[in-house]
Every structure is written in structure tokens, then in C-alpha cells.
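Q: Let chain A serve as the given structure and place chain B on it in line with the hints.
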Amino acid sequence: MSTPFYVSPQQAMADRAEYARKGIARGRSLVVMQFADGIVFVGENPSRALHKFSEIYDRIGFAAAGKYNEYENLRIGGVRYADLRGYTYDRDDVTARGLANVYAQTLGTIFSSAAEKPYEVELVVAEVGATPDGDQIYRLPHDGSIVDEHGSVAVGGNAEQISGFLDQRHRDGMSLAEALKLAVQALSRDTNGSEREIPAERLEVAVLDRTRPQQRKFKRIVGRQLSRLLEADGAATEAESSAEEEE
Amino acid sequence: MDFLSEHQPELLPGKRQLPPTQGVIEAPHGTTIVAVTFPGGVVLAGDRRATMGNVIAQRDIEKVFPADEYSAVGIAGTAGLAVEMVKLFQLELEHFEKVEGAQLSLEGKANRLSTMIRSNLGMAMQGLAVVPLFAGYDLDRERGRIFSYDVTGGRSEEHNFAATGSGSIFARGAMKKLFREDLSEEQATTLVVQALYDAADDDSATGGPDVARRIYPIITVITDDGFRRLTEEEASELSRAVLQRRLEEPDGPRAALL
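Chains as they are written, first to last, in the working numbering: chain A, 1 to 247; chain B, 1001 to 1258.
Extracted from the complex, chain A is given alone in its bound form (with noise of 0.2 Å):
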């Protein structure tokens, strides 16, 4: 009979760690910033058809980096669990921490379970509140921990760079189009500090829009509207900027 190596949990865990965190660093970058209206998903991807970002709820949006079959798995489940929650109690009972629970739980049996192998995602769960006060962001880690992050996140490759971007320049009450441009701005910085341009085509956009009538917030930002704000962002800040030199 062989005997099988022995190998200490903490290397296991380690490893497996490892192994996640280069899976979702393969991926592209996605951020998840507040504007003054709400909460803006803002990522590269070149597919139409397969988001990175989705609706779960009335006031809860849903991003993810890493591997597509398995952030997918988890959204649908996170769709699931809110749905039924509504149902069975009311709409405004489905929250943004349950749902961040739901899959902090997921993760992290899944990482800690040694029949399967680690997910290589990295979750963020958004949720828009009544004034920017009240607004939730969480990232949830390949691991089952949950970060209540304010402000901007950026989960993905190169996320610890842009987090440091954005942090110095995110600041409260932006406007959809100042906070789009900032975003897309993190995004297309390299990791060697070079920049290159992401065309609209490629970029998804979502926002959760507390000003929007209907009791679902969730809209995604397409076609003309999208490139109408890329635009409109540049006459904006010009103009800003000429007020600036003015002073």
C-alpha cells in the first residue's frame, strides 16, 4: 500500500488560495464605483452575450471576475434565493448582506471542501439605497469572506492597481458620466503603468439608478446612451477643467 504524502493544512490552503487567485487574475478587470444617482458596474468584454454583470433583485446588482461557468452558477443561485425570498416574505426583505451571506457560504465551503476544487471568482454585491447613505457595495473573495467596501471597488487581474487609481480620485456625489470616465480610465491603465484605449463596444455597463420609477433599478447602459455619456463626459470635464483655469 502507498502512503499518500502528507501535506500541513496550511499549505493546502495555501495552495488552493494560489490557485483561485490566479484563475481570477486571468480575467479582466471589472469596477463597481457610487455616483451621486446610485452605483455604477462599469468592465471590459468583448461579449454581448455573456455579462459580467445582472440584475438579482429590485435594488441589488451583481458583478463577478473569474470563470464564467462558475459565476454564472452562482448568480443564478443568488436569483433564486431572491426571488424565493420576495415571494415568500416581501420584496423589501431580499437585502443586499442576506444575499452577500448566501454566498459568502458558498465560497467558502466550496474553497474549504477538498473534493472540489476552489472557485476562481471573485464576487461583488451591490445594493442601491433610498440616498447614497444607504447604499451597500460587499466583494466577496474566492475564499467566503466578505469586505464591505465604500466608495469604488475593482475585483479582477489587475484590481489592486486600479483600487489604488480610483481611491485617490473617487470621491462622493459624481455625476454618471464624471464616474464612467473615471472608471474606464482605471480600466485602461496596464499593469506596467502604459495606457490603451477601450472602445465603447467593448465595455459593459450597468447602473442601479435610485431615481429610476420603476421598483426595478437595475439598467443596463447600451448602444447611443452609452457612447452619448463617454462623450458628453468629455465636454463636461473640459468645461470643468477651463472653470478650473479661470480660478
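Keep in mind that a hint or two might mislead.
[To be verified] Facing chain A, a subset of chain B residues (Cβ under 10 Å, in silico): (1) H1007; (2) H1095; (3) E1237.
[What the hints assert, rightly or not] Quick list of in silico lysine to aspartate or glutamate cross-link-like pairs, EDC-like style, CA-CA up to 20 Å: (4) A:K67 to B:E1100; (5) A:K219 to B:E1100; (6) B:K1176 to B:D1202; (7) B:K1087 to A:D92; (8) A:K219 to B:E1097.
Quick caveat, the hints were computed from the structure, so don't treat them as lab data. Glycine is no exception: its CB is placed at the ideal position from the N, C-alpha and C atoms.
A: What follows is chain B alone, placed relative to chain A:
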């Protein structure tokens, strides 16, 4: 719904065991729903009365609900069951949309509702029937469409106008005489108010516009802009205009004889 039946079957209406009962169970019943198409959309409206036998159970019940962005459902029959059915229907359409990333086709929605009514057949045979009217804007065909149902879940598409509930016979008669192909949105909404007035005129279970309590029919319009429910003011204005004319002509507008 498949997920629900596996996971928590007790939440589904069709899955409950009924105790054996004698005679008819007394429960509030909703009454008249009418729908009419016009170029560019469809109008769905309902009166506000719920009855329990000869008693008015509720004066201001709401019986017309948005199913999703481009469709609405109006319910006649046992109010409690109907409201639950609509809730489940709304949930299912929304769930499908979120999971698949696309809306169900209007036919698909109509078929789904058909299955739900069929699952209620056991209850219907004990006198707790639910008979909805489903209307929506078909984005592919670019026009409003109406579907009516019977208690067994039989579905049929109606052209131009339809009605369901106890006052439907009278409402249908009124709409038959007033309908024309080139109605504007405003004319279509006036038409449904007329039809509901006629239904209330001859059917005791249908409520007319209640000026004293400011209770007016619920009127919804679905066009390519989506679902819209007329505000309280708009509904009251329409109802008052119809009422004003009826003070002079109690039987309403007269159609040409030939």
C-alpha cells in the same frame, strides 16, 4: 416555478390538499375586467368591487396588475387565489427574464398563465375559480394583443376587445357597439369606462364609479413604451366625463341603427 416545486412545493397554489367540503365556500369574488386594443397598444381596465354572495366585500379592490414591463393581467373570480396567482405569475416572468437575460415572448407568457389556471382546476370545481384576462404589447408584431381564458386553462386570443367576470356580458355588448378600428389611446380608455359603466348598470356584482368615495376604475395602458397605469386624477376625470354625459343620457352613447 420548477425550482419552487422541487424546493418549497407548499408555496405553490396547486400543491395544497383541500379538505372535503360541502357546498360552496364563501370568499370574496372579483368581477368585471375589460380590454380593448387600439392602433399602438392595448387598454386593460377593471371595476373596484369584490362581492361575497349578496354582500359587497370590498369597494376598492385592485384587480388589474402589471405582469411585467409589457403586459398586464386582470382577474375575475376568487380574489385571494387570483392575487396569489398573479403574484406567482409576476415572479415567474421576472425570474425568467433575469436568469435568461431576455423576456418571454407574449405567447410564452400567455401559455404560462394557462398552465397556472389549469393547476387550479380542483379549486375551481369547488367554486373557487380564477378567470383572468391577459393583455400585452407584442414587441415582435408591434401591436397590442388580448388573451382570454376559461376555468380549465383553455386560452384563446381575442381580437379588438374582450371581457371577463360576471358583468362581462353587458360590457361586451357595450364594447361591440362602441368599438372601431381607429381608436386613439384616449378614446380607448373612454370606451372601457363606458363598458364598465354599462356592466355596473346591469350587474349587481360590478361596481360603478363611486364619486362620493372617489373610487374609480383602474385603467392601464400598454404601448411600446411599456405599462402605464392612469393616475387617480386621470381616471377620475374620465369617469366624471362619462358620468356627466350619462346624466343626460342614462343609457350612454347610441350607435347608428344601420
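Q: None of the hints should be skipped; say for each whether it holds.
A: To see whether the hints hold, each was checked on the structure:
1. H1007: 7 Å, holds
2. H1095: 5 Å, holds
3. E1237: With a closest approach of 22 Å, the E1237 (chain B) hint is violated.
4. A:K67 to B:E1100: Given that 20 Å is the threshold and the Cα spacing comes to 18 Å, the pair holds.
5. A:K219 to B:E1100: 15 Å, holds
6. B:K1176 to B:D1202: Answer holds: K1176 (chain B) to D1202 (chain B) is near 16 Å, not above 20 Å.
7. B:K1087 to A:D92: 15 Å, holds
8. A:K219 to B:E1097: Holds, at about 13 Å.
The structure is inconsistent with hint 3 alone, although it conforms to all the rest.
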